[in-house]
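Protein chains in written order, with our numbering: chain A, 1 to 115; chain B, 1001 to 1454.
Hints listed in this document are in silico derivations from the structure and should not be mistaken for laboratory results.
The structure presented is a predicted model; accordingly, all values stated were derived computationally and were not measured.
Hints may contain errors.
The calculated lysine-lysine pairs, modelled on DSSO-like cross-linking and capped at a C-alpha distance of 27 Å, are [stated by the list, open to error]:
| # | chain 1 | residue 1 | chain 2 | residue 2 |
| --- | --- | --- | --- | --- |
| 1 | A | Lys67 | B | Lys1451 |
| 2 | A | Lys67 | B | Lys1419 |
| 3 | B | Lys1442 | A | Lys63 |
| 4 | A | Lys67 | B | Lys1442 |
| 5 | A | Lys63 | B | Lys1451 |
| 6 | B | Lys1284 | B | Lys1046 |
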Amino acid sequence: METWEEVISGLERATARLVCIPADDFLEVAEAMNERSVAVAHLREFAEQPPEPISGGFVDRLKEDWKRGAAINQKLLLMRAAVRLEFSRAAEAGFMARSLSPGPTSAGSTLDVVG
Amino acid sequence: MGISPLVFTGISAFSDDFQTILNRSVSIANIPLLQMQNQQTDLLTKKQLLTDLRSSVAGLASAVEKLGATGGSRALSVSSTNTARVTANLNGATNASSYTISEITSVARAASETSASGFATANATPVSDDGTMQLVVGSTTYVLDLTAPGKNTLNGLRDAINGLGAGVTASVLNTGTGDQPYYLSITANATGSTTLQLRETADDEESNILTADNQGSNAVFKLNGLDVEKSDNVINNVIPGLTFTIVSATGPGETVDLRLASSRAVLATDLAAMVTQYNDARTKVSAQVGESAGMLSGDFIVRQLQESLRALASYEGSGSVKRLADLGIEFDELGKMSFNTEKFYSLSDAQISAAFNYIGSATSGFGALSAQLRQISDPVRGLIRVQQNQYDAADERLAKQITEMATRIQYMQTSLSQKLQRADVLLAQLESQQTMLEASIKGLNLTLYGKKDY
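Could you build all of it, start to finish, from the sequences and the hints given here?
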């Protein structure tokens, strides 16, 4: 029979994995995020009919895990802001490149000096 | 406009992580857009400068070339004291001289006769009893065969004459008067005295059916007292390098003088034009030399032009006039040319003659200097054109790089857009987890402590 220790440990492992993964490694982050979603859902189901009473120490561990989740959230927000900034820089560079590019129908900047 | 690199200096514990993220991703800051933009601007500027330079050098080359040609012709011009009698044009003469034309007793004109009698029709009335006639033009005779059906008419005769290539032109005149209004007209194609007859019977002058009013005439006159007779009024083989035209006969004792003389004004105009063009070219070349030099600084064409300008400014000949200064062309301390016309017009005739020797011809002296300038300014093969071609090639390469860069940036934008979407999904997912976890904690708190406080 599963115990509080096992359920909470599972959640903590999923959260720890999320903390370790670089924020821009979206594929791995997404995988770890799914794993944590499963752990959180399992915790909720487990808490509805626990086989044993929960102790204050377990609740404190859950609160700690929630704090780590909040930190991950902050990390993701910052990462998104960075990407957004990079995107705006790319847009700026793209505009500049297009303005410099002769384009498919342009005759270029060749000067005819004959005559 | 440029792209500055992204740097995180925030106090967040994740600042280093995000700097790493950005550094690891394809760095937009490393895209040499600014460099390419500068290259493109430089190329365009250089090409524009070369175009301006070529225009100036071409102008100088033309001015120097014209000066050389003037030297070759010694700025000769010809005048006639009476253009109603004789006109004249230079045709290569190189020496000043004077000629007198007198006793123009005849002006050359073309022979022109008509049939002595008319014909009832142009297309039916026979013009010959046996259908054979003889045309005489000068000392040459031509047989006209009109025996073919429908050819023994005035129109047939006209066509037969015109088909001979005998140097005459036949036409049918319709006077519209009387029963026989149609006449044949024959006119020589060139001026000069000749014989023009149309004989019914071969070799029988008595059978000539044409009038004998105008058998053409020669130009007859005296040149410096010598008898001259020419079949044409335009005479280009009597005085070397001079073509003159007899316009009308002179009266008794009347003479016409043709004078070939060097023109100081022509030489002065050419020198002034060269000075203007020289200063224009010098200004543009100087702008590419020195501390505040333009984009062509150090370009071999600029050095080449400097040498050519120096060669022009310091060109020396031999004789009493052997440098530009002798002609009144002066230089200030900056090397700018000016033309002292007072000094120029104070030169003696002998000095002007020496000036033409100094200037040379179309192929020597200044003519040769112009050829050097043409080697630089020629719009097809000149050094400037060659350099511009190289810039064009570089511009094309750059345009290709820019196009490739634009494609790369477009890909980056797409990739970053996808990242943003994924980040949004992850954040939403995490928010859901936190909400659910918070609810679970509150529930457990209620169970454990009888309160929902988190």
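Which numbered hints are broken by the structure, listed smallest first?
-> none
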